[in-house]
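**Q** Put the two chains together into one complex, using the hints given.
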Amino acid sequence: MTAVAADPSAAYLLRLADDCLVLSHRLAQWSSRAPTLEEDVALTNIALDLLGQSRALYARASELDGSGRSEDDYAYLRDEREFVNCLLVEQENGDFAVTIARQLLFSTFQLLQWRALCDSTDMQLAAIAAKAVKETTYHVDHAVLWVVRLGDGTDESHRRMQAALDSLWPYTAELFEDDELTRQLVTRGVAVDPEKLREQWDQTVERVLREATMQQPAASWAPTGGRQGLHTEPFGYMLAEMQHLHRSHPGARW
Amino acid sequence: MLAPTSAMTDAVRRAVGQIVDPEIPVLTIADLGILRDVRIDDSGRVDIDITPTYSGCPALDVIRHDVEDCVRELGHPVTVNVVLAPAWTTDWMSDEGRRKLHEHGVAPPRRRDSGARLLELEVACPVCNSAHTTEVAHFASTPCQALRRCTGCREPFQHFKEH
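Taken in order, these protein sequences are the chains called A and B.
With our numbering as the guide, the letters of the first sequence map in order to residues 1 to 254.
With our numbering as the guide, the letters of the second sequence map in order to residues 1 to 163.
This is chain B alone, in the form it adopts within the complex (with noise of 0.2 angstroms):
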């Protein structure tokens, strides 16, 4: 086996980040930030750093297993690591991932600068993009999303939470 080069890295993060979230699938486990470093020794031998969004995550099994499925098959043994620190923030959720969500009907998560203040004040509705929404329930379908409800156009719709 030749020495690793960035191309061969680059190429197994490229394939990898293609996995879906199993949840929410229009989001890659890159658009999501959950994939969190590739590495490639000079054997040839791939590690892979995942963290879990919560910690009761259930996607995050299947998620493992898609990882080592997608690297072997590019031909490389490979060992796959659920890394805590630093926690998952939404703040990493890629501006690809956003759009996708928006475009799914969900809200996306709003942005925070570096004080942790969030930029935008409300969450707008992904239908009729009005701004007088309200939540409805903390919790929703996944526990990465809360429930709520546009005033404006009426719809319910869910909403990425803030994390």
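Chain A on its own, in the form it takes in the complex (with noise of 0.2 angstroms):
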């Protein structure tokens, strides 16, 4: 199984489903874990917008590169190197606030590329994001909420929601940057240009922050690879969690 699929489109929609799919699995580690009850049901249910949402992206980028892989294959054969998702959604989860800035950063990163990639030209991924875009804007309201509550909360709620951010935010240079395959599909109407999606996210992560009451974190290092299937060291660990079963037991059924 190599790393880069052949087909450049194959390659793009793996980078989606990827941030999908992990990002999916660490909000089900809090499954159980949660401050409450309805947190609970809450980040578990983001998780399964996301796995369905990345299963939808494994069959189209199967069907584009020819290889017949299974959506779990993809998901539990495949090695930390062959993955290609953004740094930003394999960072541990943290306290909740932790996970909570992450699903801000993301959410809304995600949100304006889904809007973006209903008018992509691969129709069936079109339609993905459509149906995607109504999901994901549930994610961000859930976020911003939080984020709210906790930055303009008690002292210590505010200073562990901006001590998250902190930590987090020299992860998100990442999700803007464009690279010879992005330029590619953008030509041919596909993907669309991350850095495209800049403008909004400031403007939509800012007037949060400000409601919150928490300051922007100036920028500092900008960690980068992820697309390349470099990560950073707690994503081996999790994906080692996530595929023990399937790797232990090939073909294990419920």
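Some hints could be false.
Claimed, not checked - Some, not all, of what chain B presents toward chain A, calculated at C-beta under 8 angstroms: (1) 57; (2) 92; (3) 163.
Stated by the list, open to error - Residues of chain A clear of chain B, computed beta-carbon distances all greater than 12 angstroms: (4) 55; (5) 64; (6) 184; (7) 187; (8) 196; (9) 216.
In case anyone wonders, no lab produced these hints; they're calculated from the structure.
Keep in mind it's a predicted model, so treat the numbers as computed, not measured.
A virtual CB, placed ideally from N, CA and C, is assigned to each residue, including glycine.
**A** What follows is the structure in structure tokens.
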């Protein structure tokens, strides 16, 4: 199994799919551990939406790369270097504030990306995006409510929300990077230019942080490499846990 | 096999339309608007289009199998296609479906006009019909429902969210 799919559209779809799958797994790790029952249900429902989105994207990628791989093959039988998700979604859950900060930063980006992809020349991708727009709108709402509530809450909740934001902020730069693949596919109308989403993302995040009485972190280092399969340390551990059952018992069924 | 008639298509559509949603079993897939199309070709082969409510809805795989079983029992070979476009909306839920949900204690989704504005402003309590209700949580036992509470009779209840 090769890391880079031969068909450029398939390679692009894997980036979108891996973002969804990895964040879905991170959120599923909250199951039975969230601060309240309602939050437990909310985080796992968001995880379920993301899992559904990833399945549709993997299925489309498989059609395009002609590999005949199943959704499970992509999820469970690729190694770390073959995953092309952004670094932000693989970061550890931390406390609840870290998870919520990650949700705000990523879902805001993802919603803008889905909206733009509704006009993709790949009709199946456009259909997936049109469905996902509705779902991700809820994810953004959920994150915004919590960021404002915690940021503009007690001294302790404010301190932890700000610390969470500061720790994740460097990973946001990678979201807007373009490369040879995106440039090629933007020309064909398949992909969106991630750089074009930056301005609206900045405006939305800035507005939410202001309402939450929080400080926008200054630009500092900008780690990157996820789209080339170079990941941060926590990812290997997550993948080992996620793939363990399938690899130990190939073909296991419910 | 005789050439397909509209009566045959209707019979298949009626039978398949009675299949219930495994997560909200008061509703049929016809009530929900997820049964999108039924076609029969000259050889008697049936093609059925269904669409998911939410991308990750786990009920869809069960529904797909139920549809296949149902059509085979009617004596037709069948292919079930999952179509994503146009994206499912609660505006496709039938009046009958809305009535059943209300009886079941779930507030049905509000209707929208052609400009996508909600026609009713309040979500009414399915127990006492009070219009004074508040949202407790965006998500409930399934992704398509929210948890609300009635400030009149104090009962908590689920609301099938507009989507």
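**Q** All hints are to be evaluated individually against the structure, with a verdict given for each.
**A** Now for the hints, and whether the structure bears them out:
Hint on residue 57 of chain B holds. Least Cβ distance to chain A is approximately 7 angstroms, under the 8 angstroms limit. The criterion of a C-beta within 8 angstroms of any C-beta in chain A is not met by residue 92 of chain B, whose closest approach is roughly 13 angstroms, and the hint is violated. Hint on residue 163 of chain B holds. Least Cβ distance to chain A is approximately 6 angstroms, under the 8 angstroms limit. With a minimum CB-CB distance of about 8 angstroms to chain B, residue 55 of chain A fails to clear the 12 angstroms threshold, and the non-interface call is violated.
With a closest Cβ-Cβ approach of about 16 angstroms to chain B, residue 64 of chain A is found to remain outside the 12 angstroms limit, as its non-interface label requires. With a least beta-carbon separation of about 25 angstroms from chain B, residue 184 of chain A lies farther than 12 angstroms from that chain, consistent with its non-interface assignment. At roughly 24 angstroms from the closest C-beta of chain B, the C-beta of residue 187 of chain A stays outside 12 angstroms, upholding its exclusion from the interface. With a least beta-carbon separation of about 24 angstroms from chain B, residue 196 of chain A lies farther than 12 angstroms from that chain, consistent with its non-interface assignment.
For residue 216 of chain A, the shortest C-beta to C-beta distance to chain B comes to about 26 angstroms, beyond the 12 angstroms cut-off, and the non-interface label holds.
In terms of the numbered hints stated before, the structure departs from hints 2, 4, listed from lowest to highest.
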